[in-house]
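> Take a look at the letters that make up each chain.
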Amino acid sequence: MTLSPELLRLEPAEAVTTITDGLRRLLPQLRRKGAVLGLSGGIDSSVTAALCVRALGPERVLGLLMPEADSADDTLALSRLIAEHLGVATVLEDITPLLEASGCYARRDAAIRSVIPGYGPGWKAKLVLPSVAESDSYRLFSVVAQAPDGSQVRERLTPESYLAIIAATSFKQRSRKLLEYYHADRLNYAVVGTPNRLEYDQGFFVKNGDGAADIKPIAHLYKSQVYQLAEYLELPTEIRSRPPTTDTYALPQSQEEFYFSLPYHQMDLCLYAFNHGYRPEEAAPALNLSAEQVTRVYRDIESKRRATRYLHLAPLLIEAVPEVSASLP
Amino acid sequence: MIEPIIRAFIAENYIFDSLQPGSSDSLTQMGILDSMGVLELIMFIEERFGFKIPDEDTLPENLDTIDNIVHYIERRRETAKAA
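If you read the sequences in order, they're chains W and Y.
For the first sequence, counting from 1, position 208 maps to 208 in the working numbering; every step adds exactly one.
For the second sequence, counting from 1, position 54 maps to 1054 in the working numbering; every step adds exactly one.
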C-alpha cells in the first residue's frame, strides 16, 4: 500500500473504547482506585486526562500543575484550562523551590558555563541538535545561549558538559514524578504516564522521571493519532493548536530541535513507514523528503532505539527470583 | 601509527563484549558508538592529535569506521603541514 498520512487515521470511538476499557481493567490489577497525572497544557497529558475521566469519572482523577522557573508563560493557564474543561480537581505544586534546593539550576548553569564562560544571571539557554534531514553529520548537541542584550552564542557541548546539563535538568522530570507519587500514595491512586508512541519508542523521557508510571494509556498511539483523539474528545482548541514543546529550557525549544529528526507529522509517518518495512524510496514521496534523507531518519530511529533501550529496562537481577516474577502480570 | 591509538581508545571505552570491529565496519551500526561515543571520540581525537574538528566534518565518512578515522586524521595532518 502506498504510504500516506491516511494510514495513521484511526477510528476514534473505537480507540477511546479500547483505552478506557483497558484503564478499567488494569487499575484493579494495581489495586488503585483512581488516577494522578501531571498536566502540562500539552496535547498528550490533556488527551490522557480526558481518557482517564471517561474511564473513571472526573471525581477519581487528580491533575497536578507543576510549573517551574523556566516553564513557558502559557503552561499554567493551559493546564488549568484543560482541568476545568474536564472537571477534574487540581493541585498546584510550583517545583521551583524543590529544584533550587536540589541544585538543578546551579548545576545546569555551571555546566553551561564550562563551554560558554560568560553565561550567567539574565541569560537563557537551550540544547539543540542539527537537522538530520539537512545533513549527514552526526547529531551532536550544542548549547545555544542568549545574553540579556539578545545576542546568541552557540557552542558544541563536550561529553562532560552534555551529561552534566542533562543530569541537572532531569531533576525537573524527577521532581514532578516525586510529587505525582506523593499524591498517588496519599489517595491510593495510580500514576498515569503520558508518553505517545514516538516518545515511548524513541526513548524521549527521563528514566524514573516522566518515564516512570503505573500505566501509559497512549504509548501505542502515534502523535497525529493523539491529535485525532483530541479532536474527537472535543478538547479546547488552544490545547489542540499549541505546538509541541519540551518546556524544559528557558529559551523556547521545539521537540525536533531537541530530540526528533523531523516535525512530528513527518516523524510519525516516517516511524510508521520504518515499522511497516517501507523502503526509503517508497516512503520518500509521502514525506516530502529524498530517499537519502529518509535513510538518515531510519538510521536515527534505529540508533535512538539502541541508545535508549536501557531506559525501558526494569532493574536487572544477577539471578532470577521466580517467586516474585511468577506473580507479575 | 594512528590506527593502534584509535583501536586502543575504542577497545578501552566501548568494547563491552567480544565485538571486534574490522577496519571498514561501521562503529555506529555495530552498536559500538552511540552519539555520546561519537562525541567522546571527537574530543579524544582533538586532544590526542591537536586539532579542532569543525561541525561540518562530523560525518560518517570521516568518523564511522576505523579506516575513515585514520584517513581523516592523516588528511588533517597533511593539510596542517601544507599550511
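Worth flagging that the hints you see were computed from the coordinates, not collected in a lab.
Check before you lean on any hint, since a few could be wrong.
To be verified - Lysine-lysine pairs mimicking BS3-like chemistry, simulated, CA-CA at most 30 Å apart:
hint, chain 1, residue 1, chain 2, residue 2
1, W, K304, Y, K1052
2, W, K304, W, K126
3, W, K126, Y, K1081
4, W, K216, W, K304
5, W, K124, Y, K1081
6, Y, K1052, Y, K1081
7, W, K304, W, K207
8, W, K124, W, K33
> Decide if the proposed pair is consistent with the structure: W/K304 and Y/K1052, CA atoms, cutoff 30 Å inclusive.
holds, 27 Å
> Between the alpha carbons of W/K304 and W/K207, is the straight-line distance 30 Å or under?
Roughly 15 Å separates the two Cα atoms, so the pair holds.
> Please verify whether W/K304 and W/K126 have alpha carbons no more than 30 Å apart.
holds, 20 Å
> Y/K1052 and Y/K1081 were given as a pair; does the straight-line alpha-carbon distance stay at or below 30 Å?
Holds, at roughly 15 Å.
> Is the Cα-Cα distance between W/K126 and Y/K1081 30 Å or less?
violated, 38 Å
> Please verify whether W/K124 and W/K33 have alpha carbons no more than 30 Å apart.
Judged against 30 Å, a Cα distance of about 42 Å means the pair is violated.
> Does Y/K1081 lie within 30 Å of W/K124 when you go C-alpha to C-alpha?
violated, 41 Å
> Between W/K216 and W/K304, is the straight-line Cα distance small enough, at 30 Å or below?
holds, 20 Å
Of the numbered hints given earlier, the model fails hints 3, 5, 8; all others are met.
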